[in-house]
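Trainee: Could you put together the complete structure from these sequences and hints?
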Amino acid sequence: MMIKTENKLKCSNEEPLLPKHITMNDLSQLKSSLENDGHFIFSIPEKEFARQLTLIESEYYKSVTGTECLDQIWGSKRKKEFKHETDVLDYPNVTRMINHTNQLTTWVASCILNSENLKERENTLKYFTILANECYKINNFNGVTAIVAGLSMGPVYRLHNTWRLFQEKNKELNEIYITISDLVSPKGQYSNYRKKLKELDDKKEEIMPFLGVYFTDLTFVELGNEDYIDKALNINFEKRRKVAKIINDIKHYQTKNFTFVPVKPIQDFIINLDKYENQPHYTEDELYDLSLKYEPREEEDDDDDDE
Amino acid sequence: MGDNSQPMRKYKLVFLGEQSVGKTSLITRFMYDTFDHAYQATIGIDFLSKTMYLEDRTIRLQLWDTAGQERFRSLIPSYIRDSSVAVVVYDIANRNSFSNCSKWIDDVRAERGGNVIIVLVGNKTDLAERREVSTEEGEQKAKEFNTMFIETSAKAGYNVKPLFRRIAQALPGIETQQQQQNEYPSQLIDIKMGQNKQNEGCAC
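Line order of the protein sequences matches chains A and B.
Just so we're aligned, residue 34 is where the first sequence starts under this note's numbering, counting upward by one.
Just so we're aligned, residue 324 is where the second sequence starts under this note's numbering, counting upward by one.
Hints may be right or wrong, so weigh each one.
[To be verified] Derived PhoX-like pairs (lysine-lysine); straight-line CA-CA distance at most 20 Å:
| no. | chain 1 | residue 1 | chain 2 | residue 2 |
| --- | --- | --- | --- | --- |
| 1 | A | 220 | B | 373 |
| 2 | A | 229 | A | 284 |
| 3 | A | 80 | A | 159 |
| 4 | A | 289 | A | 236 |
| 5 | A | 152 | A | 326 |
| 6 | A | 220 | B | 484 |
| 7 | A | 275 | A | 231 |
| 8 | A | 289 | A | 237 |
| 9 | A | 228 | A | 278 |
| 10 | A | 228 | A | 64 |
| 11 | A | 264 | B | 478 |
| 12 | B | 333 | B | 478 |
| 13 | B | 333 | A | 220 |
| 14 | A | 272 | B | 333 |
| 15 | A | 202 | A | 159 |
Read the hints as simulated data drawn from the structure, not as lab findings.
Mentor: Rendered as structure tokens:
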């Protein structure tokens, strides 16, 4: 199956899509609704959520420096340079990007497990699959990866009844979701994703890549290649070239620009996801407990202990 | 995608553990031991797949390395999904990396239940003088969590081949069950089957 990409927004200054009765002229109502009602976020059209998410992630991504990426990989080597034990390598922008991604993933899973009611869980699942698709449509692969990861976490993935209901009610959406999650799957060293990225870049589209893949590549090159080619300590330039190429790729995608109109209250919500008291913040253990409580183990996924 | 024509059984191995414990080094040592690193082809998409010739059969190992993405903690479960083997690595000269193994093993059990072989690997035995975790402690933890155990040095090439050989030998025992697991994961059967069909029919 192929997903239609023709209608992609190349550049969009179009009016943001907001819930009924809310206009761009009076965003204070949106702000207070998001603060007062934990479920209000789901009345933001997925397309708009995806746009605001993309603006934030793009900003985070652009702030990442090449040096930080290298330090992330060379960390243990570089520690020898330090005079004091208290000196530590700092990678604030990389950390911001990673923390945001982890928070988003955990939040997605938490939202699904925030309801005892099957129908509500199915609704939330539907919202996030549409959101993943909206991120995909505007080439935000960090967003897609984070959302798919949230829906793939054990506690969510094992919710048979919720997925079954979702699949029954949303055949087409389910097909799309499967394709998208396959696209960002780590299999074959993210080969599907890499192919897609290249294809979109050749078409000069705006793209928000997933930073993690570059870290994996940098790690492989760092550890898979010797620093020197012989005992005379001649430098292995091929290794440096490979590293430089990856950093260049990171930088290349930093030149991409998304031009959606910012909606501050939505952005504030996304940026402060972990601080919103009206949002669920479950630990992994809590997620599992809830998952087992709502949909107890069926025979087939037993740990076949002592049989 | 889709080298289904191969008669060989394929198994997915996922490598887990804290940053810089030597996951990738173990893999590169295993993959490239006989090659000159300086002339090795660009590490890329096909990097992590290797055929192993056992006495009675030939199998193909697909190695999934989480290296570089350890801090994207929430993404790790998608690596663990559908794996036949989880190799949980720690650095014998880094106690913290050893303590964190319990968490990684828990993650694997949570995702895969009993349908998985777990190997606890204490790497970097070349750093003997800086050892913080004794062999006995490693064995103890392996016993506690019911996993296989081995100490290695990717740097010195010590015990790397035995590690993979032991994994390969452990695999046939779970073949029948595992085969079904791989083709029809117990959870979310619909999604997985859909996925397979789609890949084959995909025109892109």
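Trainee: For each hint, tell me whether it holds in the structure or not.
Mentor: These are the hints, each one checked on the structure:
no. : hint          : in the structure
1   : A:220 - B:373 : 15 Å, holds
2   : A:229 - A:284 : 18 Å, holds
3   : A:80 - A:159  : 13 Å, holds
4   : A:289 - A:236 : 13 Å, holds
5   : A:152 - A:326 : 16 Å, holds
6   : A:220 - B:484 : 24 Å, violated
7   : A:275 - A:231 : 18 Å, holds
8   : A:289 - A:237 : 9 Å, holds
9   : A:228 - A:278 : 17 Å, holds
10  : A:228 - A:64  : 40 Å, violated
11  : A:264 - B:478 : 16 Å, holds
12  : B:333 - B:478 : 27 Å, violated
13  : B:333 - A:220 : 13 Å, holds
14  : A:272 - B:333 : 31 Å, violated
15  : A:202 - A:159 : 10 Å, holds
Checked against the numbered hints above, the structure violates hints 6, 10, 12, 14; every other hint is satisfied.
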